Amino acid sequence: MTGSGKGGRVLRYMNAEMLESARAARGRIQEAAREQVQGHLAAMRANDRPRAMAYFDGMADPFGKRAEELGRFRASGGRVVGTLCYFAPAEIFAAFGAVPVRFCSGLYEAVHPANDLLGDAGLCPLVKSTLGLKMSGASPVLELCDLVVVPTPCDAKLKLGEILQDTVEVHLMNLPAVKGTEEGRASWMNEIKGLVRRLEGLYGVRLMPRMLRKAIATYQRAQAAWRRFSALRRKGGIWGRDALLVAQVSFHDDIARWTENVNRLCDELEGRPPVAPEAARIMLGGSPVIWPNWKVPLLIEESGGIIIADELCSGSRTMYDPVVVGEWTMEGMLVAVAERYLVPCTCPSFSPNLDREENMLRRMREFGAEGAVFHVLRGCHLNSLDATKANVVLRRERLPMLKVESEYDEGDLEQVRTRIEAFIEMIRARREQSG
Amino acid sequence: MITAGIDLGSTYVKGVVLVDGAVKGWGVQPTGPDHDETARAVLGSALQMAGLRLEELGYIVSTGYGRRVTSLAKETISEISANAEGTRFVARALGVRTILDIGGQDTKAIALDERLNIDNFAMNDKCAAGTGRFIEALAGVLGVGIDDMGPLSLKSQSPLRITSTCTVFARSEVVTLIAEGKPKEDIIAGIHEALAKRLATMARKVGVRREVFFDGGPARNIGMRAALEKELGVTLVVPERPQIVTATGAAVLAAARLAKAGGQ
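Respectively, the protein sequence lines represent chains A and B. With our numbering, letter number 223 in the first sequence gets 223, and the count goes up by one each step, no holes. With our numbering, letter number 157 in the second sequence gets 1157, and the count goes up by one each step, no holes.
Check the hints yourself; a few may be wrong.
Stated by the list, open to error - Straight-line Cα separation of at most 16 angstroms, EDC-like style, residue types lysine to aspartate or glutamate; simulated pairs:
| hint | chain 1 | residue 1 | chain 2 | residue 2 |
| --- | --- | --- | --- | --- |
| 1 | A | K403 | A | E357 |
| 2 | A | K389 | A | D355 |
| 3 | B | K1260 | A | E432 |
| 4 | A | K403 | B | E1055 |
| 5 | A | K235 | A | D48 |
| 6 | A | K193 | A | E331 |
To be verified - To be clear about the criterion: a stretch of chain A counts as covered by chain B if any three or more of its residues have a C-beta under 8 angstroms from a C-beta of chain B, and this derived list gives those stretches:
| hint | segment |
| --- | --- |
| 7 | 393–405 |
| 8 | 413–420 |
| 9 | 424–430 |
Simulated from the structure, these hints should not be mistaken for laboratory data. Source: prediction; values computed, not measured. Ideal placement from N, C-alpha and C gives every residue a C-beta, glycine not left out.
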């Protein structure tokens, strides 16, 4: 049975009652988000913190100030495109004058509407929450997107992209599982070109080299600022939970303004002493940690640790790698963009994924990390399997790793706390022994 | 130097009073709705056994699931560290390199390095599969007292296979076996085997090196011990009072803190 949804879309999988009940949850989701965001920010502000964080705090509410700003932007004819993964190339959207907004959701409350459709079938909470966010219409920004671009790194996102089409125009990007071959790169390059054609059709504009050149330059400045910030994190002048928030504000912020504020934060960090010199230096990796699902970062840093570095697609990876253009021709620029999103990425959807293990090792050494916490969202089999591999590789190098499996609800808070506390106690005991 | 350790577990609260490096008193009580109240009662009986008063305690460290909810302790420590500390205390000379601990809601495997520091650890998922609750729930279905499970299971000639470690599903398996008229001792032996298999898998994840120490309440269960020994192919080291090893570790840690602070 099919019905019709908003904008005359055909409801293939959802039905009108389901959507109605999801929409009734809208206020509750927004309220819960606000409460969670304010609660976390209060906890984060309680400690010694750079002043420049105030800007990012102001942008932290997904339904707050920035949402209003984007609403006005859209009303005056601006273009907004939704994305669902690291892989959706920001430079391409920006070249069309569109603001890309990444909608991977960290809201627990938004999981419920999705469960009405999916059942509680051990699926990744990030995917359920994102679907619930759309079904409920709780995100005003998601509601005004012209298009949602969904790369297909994992089964859950692949199917999410399919189901989302009941409520919004979706463009799927077929991500190769093997990235290290000529064929893999060529197939991804085709996807990038396919996206360009889709956007050209949507906006009735032909992409010209100068449009892309300008967008690449804008993001190169953002990437340079982020690398500067990443290097400064090593000195420990900022908590990891703050650093991750900075990264994730880029998911929806005006990128030039974000860049400016990251540089301002860097200026302040240059002369700043470490916030917790005695803390166990932890690298956080694994499944995306998405604001405001700050359970694991907060627990690590409440338990005597500091997240000194991360290996997350929702953290460092967001902006770390620059687009390196060989030839500033259209083809040359597209190749550079395609490679930037494919080659350095260590998403567990790739096989082989030696890059990830090597990246973790290199970063841990570079940042003097004493242990790694590998976060696995329940239902994320790819990360769970990569955790097993990473554990073997890291332990061989005498670097301890803790795999933490968790969901969005707070039900396992104390169990996760026990594991993290024990891990940090273990690291500190080691330090005393060797020091 | 007088210190105490309180282990606020999900099913039992355990307390130990340590006087100059020797355990002088202990107490164990089922966890009540008010953790703090239970902790006070347990500590009270441990103090009574030691012939001491609360005011005489120099330092108290709490551990276990409820470690953060008691106002008695000056400091908290995770049960992993406390268990390792307790093991070092009660079995220092025995060459223990692996600790297996079945708790009420958490089952743990801890690997120690040559200096007896924690090298690695693993814990069960957040559900009751493979924990003390598993045995408790199934004992209830069988109408057998928890202390009789071990001796009964040793009479079994052919343990039955319980395929599920999920407490809820295993329960219905056991109900079916009872309905089929299967001998209780074979069912119980099967329950112990199922749990032993699960714990052994966890232990192999951190690496099983001898000697293997087994503690937590269920370590008192002789049938559980036998099943685990069979599964791992080792003879287990079981302390005299396996239930209070973790609380002892907390008390030892309290003493170390006090000594560091120069207290008496």
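To see whether the hints hold, each was checked on the structure:
no.	hint	verdict
1	K403/A with E357/A	14 angstroms, holds
2	K389/A with D355/A	12 angstroms, holds
3	K1260/B with E432/A	14 angstroms, holds
4	K403/A with E1055/B	42 angstroms, violated
5	K235/A with D48/A	15 angstroms, holds
6	K193/A with E331/A	10 angstroms, holds
7	393–405	holds (count 3)
8	413–420	holds (count 4)
9	424–430	holds (count 4)
Violation of the numbered hints given earlier is confined to hint 4; every other hint is satisfied by the structure.
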